[in-house]
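S.K.: Listed here are the chains, written in short residue letters.
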Amino acid sequence: MFNDFLRKMMGSSPKSDSKDVAKKRLKFALIYDKLEVSDDTLRCLHRDIVEVISRYFEIDQEAFKMDIRRSDELSALIVNTPILSAKRHISPTGQR
Amino acid sequence: MDGRIIVITSGKGGVGKTTATASIGAALALEGRRVAVVDMDIGLRNLDVVMGLENRIVFNVVDAVKGKCKLKQASIKDRRIENLYLIPASQSDNKNVLSPEEMVSFGEILRKEFDFVLMDCPAGIERGFENSVASADEAVVICAPEVSSVRDADRVIGLLYAKSITPKLVINRIIPEMVERGDMLNHIDVVDVLSIELIGLVPMDDQVIIATNTGNPLVLQKKSKAGEAFRRIALRLNGMTDLPIEVPQAEGHFWRKIGTKLGLGK
Ligand SMILES: Nc1ncnc2c1ncn2[C@@H]1O[C@H](COP(=O)(O)OP(=O)(O)O)[C@@H](O)[C@H]1O
Ligand SMILES: [Mg+2]
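Protein chains in written order, with our numbering: chain P, 1 to 96; chain V, 1 to 266.
Bear in mind the hints are in silico, worked out from the structure with no lab data behind them.
Treat the hints with care, as some may be off.
[Stated by the list, open to error] Here are the computed lysine-lysine pairs in the DSS-like style, where the Cα-Cα straight-line distance is at most 27 Å:
1) V/Lys77 / V/Lys223
2) V/Lys223 / V/Lys163
3) V/Lys168 / P/Lys34
4) V/Lys66 / V/Lys168
5) V/Lys70 / P/Lys27
6) P/Lys34 / V/Lys163
7) P/Lys23 / V/Lys72
8) P/Lys24 / V/Lys168
9) V/Lys72 / V/Lys95
10) P/Lys34 / P/Lys24
11) V/Lys112 / V/Lys66
12) P/Lys27 / V/Lys163
13) V/Lys95 / V/Lys77
Throw the hints in and build the complete structure from the sequences for me.
M.R.: In C-alpha cells form, the structure reads like this:
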C-alpha cells in the first residue's frame with residue numbers, strides 16, 4: 001500500500017501487472033481443464049445417445065455428429081443427427 | 001502413538017519438493033521429533049545429495065519395501081541433526097518396481113518407527129505419484145507463482161481430494177521485487193485460484209543453492225530467509241497452527257527506490 005503510494009509520488013517504475021494477465025489466463029485454463037472429457041467417455045456417450053435416439057427414430061448413424069463446444073461463459077453438448085423416419089411402435093420400456 | 005505420513009508433491013518438477021522435504025524434515029527433527037524423509041524419486045535420486053548423505057547409502061527404499069533389508073539398515077542417520085533419517089531412493093530401478101499396495105504396508109512399518117515421515121514425491125502424476133501418496137495421511141503441495149506450476153498444482157490437488165486427502169499449500173520461489181512490480185502472481189492470487197489452506201511462503205534465496213552445493217542443512221544456515229520460512233512451516237505442521245505466515249519482502253526496498261530515483265542505479 002505505502003509502497004504503491006510512494007511509487008506514485010515519485011513517479012518511478014510504472015506497474016506492468018503482467019500477473020493480472022497470468023491470473024486471468026490461469027482461471028480459464030483451470031475451467032477448461034475440468035471440462036475436458038476423455039475420448040473413452042465421448043465414445044461411450046456417442047454410443048448411448050445413438051442407441052436412445054434409435055429407439056424412437058430411424059437415424060443416419062453415419063451422419064450423426066456430436067461435439068462439446070466451449071465458450072467463456074458455458075459449455076454445451078451439441079448433437080446433430082438427420083432423422084430418416086419416426087418409429088411407429090414403441091414399447092413402454094423402449095425395447096424393440 | 002502412530003506417526004504421520006505427509007507427501008510433498010507438486011505435479012511439476014523443479015518447484016522445490018526435494019528442497020522442502022529436506023528442510024521441513026530437518027526442522028521437525030530439530031523440534032525433537034523422530035523424522036524419516038523418504039526419496040520416492042526412484043531412478044532419479046536427489047534427496048541424498050541435497051542432504052549431504054550420498055556417501056553413506058548402502059540399502060534403499062526398494063530394498064526396504066521388498067524386505068531385502070530391515071528398515072533400520074535403509075535408514076541413514078544424519079550426524080548433524082539428531083532424530084533425522086534419510087531413506088534414499090534406488091538409482092537402478094524404475095518407478096514400476098513398487099506398487100501402491102506395497103507402499104501402504106511399508107507405511108504401517110514407518111508409522112511405528114517415526115513421528116513424521118515425509119515422502120519426497122517425483123514429478124508427474126503416474127506410478128511414482130501413486131506410490132508416494134498411497135500411504136500418506138496428509139499432503140503438502142508445493143507451487144511456484146507461475147502459470148504452469150499453479151495449473152499443475154490444481155491438477156494434483158484434484159487427485160489428492162479424490163484420495164480423501166485435503167492438501168495444504170506452500171508457495172516457493174517467490175521473488176518479492178517481481179511481486180511488488182506486479183510481474184509475479186502474489187500469494188493472494190495463488191490461494192484465490194487454488195482455494196486450499198496456505199501453510200507457508202518461501203522466497204527465492206541464494207542460500208538454497210549454497211546449502212545444496214555443500215550438502216549442509218538449509219535450516220542450520222544463519223540468515224537464510226528460505227530456511228526460516230521452511231522452519232516456520234515445520235512448526236505449523238508440528239501443531240503451532242496459529243503461527244502467522246510471513247510475506248517475503250523485497251530487501252531494503254525503500255532506500256533502493258530512493259536510490260533509483262536519484263539515479264544511483266539499480
Ligand atoms: N526458495 C528457493 N530459492 C532458490 N532456489 C531454490 C528454491 N527452492 C528450490 N530451489 C532450487 O530449484 C531447483 C529445484 O528444486 P528441487 O527441490 O530439486 O525441486 P523438485 O524436487 O520439485 O524438482 C534446485 O536447484 C533448488 O536448489
Ligand atoms: Mg525432487
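S.K.: Against this structure, judge whether each hint is valid.
M.R.: Hints, one by one, checked against the model:
1. V/Lys77 / V/Lys223: holds (26 Å)
2. V/Lys223 / V/Lys163: Violated, at about 39 Å.
3. V/Lys168 / P/Lys34: holds (21 Å)
4. V/Lys66 / V/Lys168: violated (31 Å)
5. V/Lys70 / P/Lys27: violated (48 Å)
6. P/Lys34 / V/Lys163: holds (17 Å)
7. P/Lys23 / V/Lys72: Violated, because 47 Å separates the two Cα atoms, which is more than 27 Å.
8. P/Lys24 / V/Lys168: This hinted pair holds, its Cα atoms lying about 23 Å apart.
9. V/Lys72 / V/Lys95: holds (22 Å)
10. P/Lys34 / P/Lys24: Judged against 27 Å, a Cα distance of about 16 Å means the pair holds.
11. V/Lys112 / V/Lys66: Answer holds: V/Lys112 to V/Lys66 is near 18 Å, not above 27 Å.
12. P/Lys27 / V/Lys163: holds (24 Å)
13. V/Lys95 / V/Lys77: holds (25 Å)
Hints 2, 4, 5, 7, counting from the list given before, are not met by this structure.
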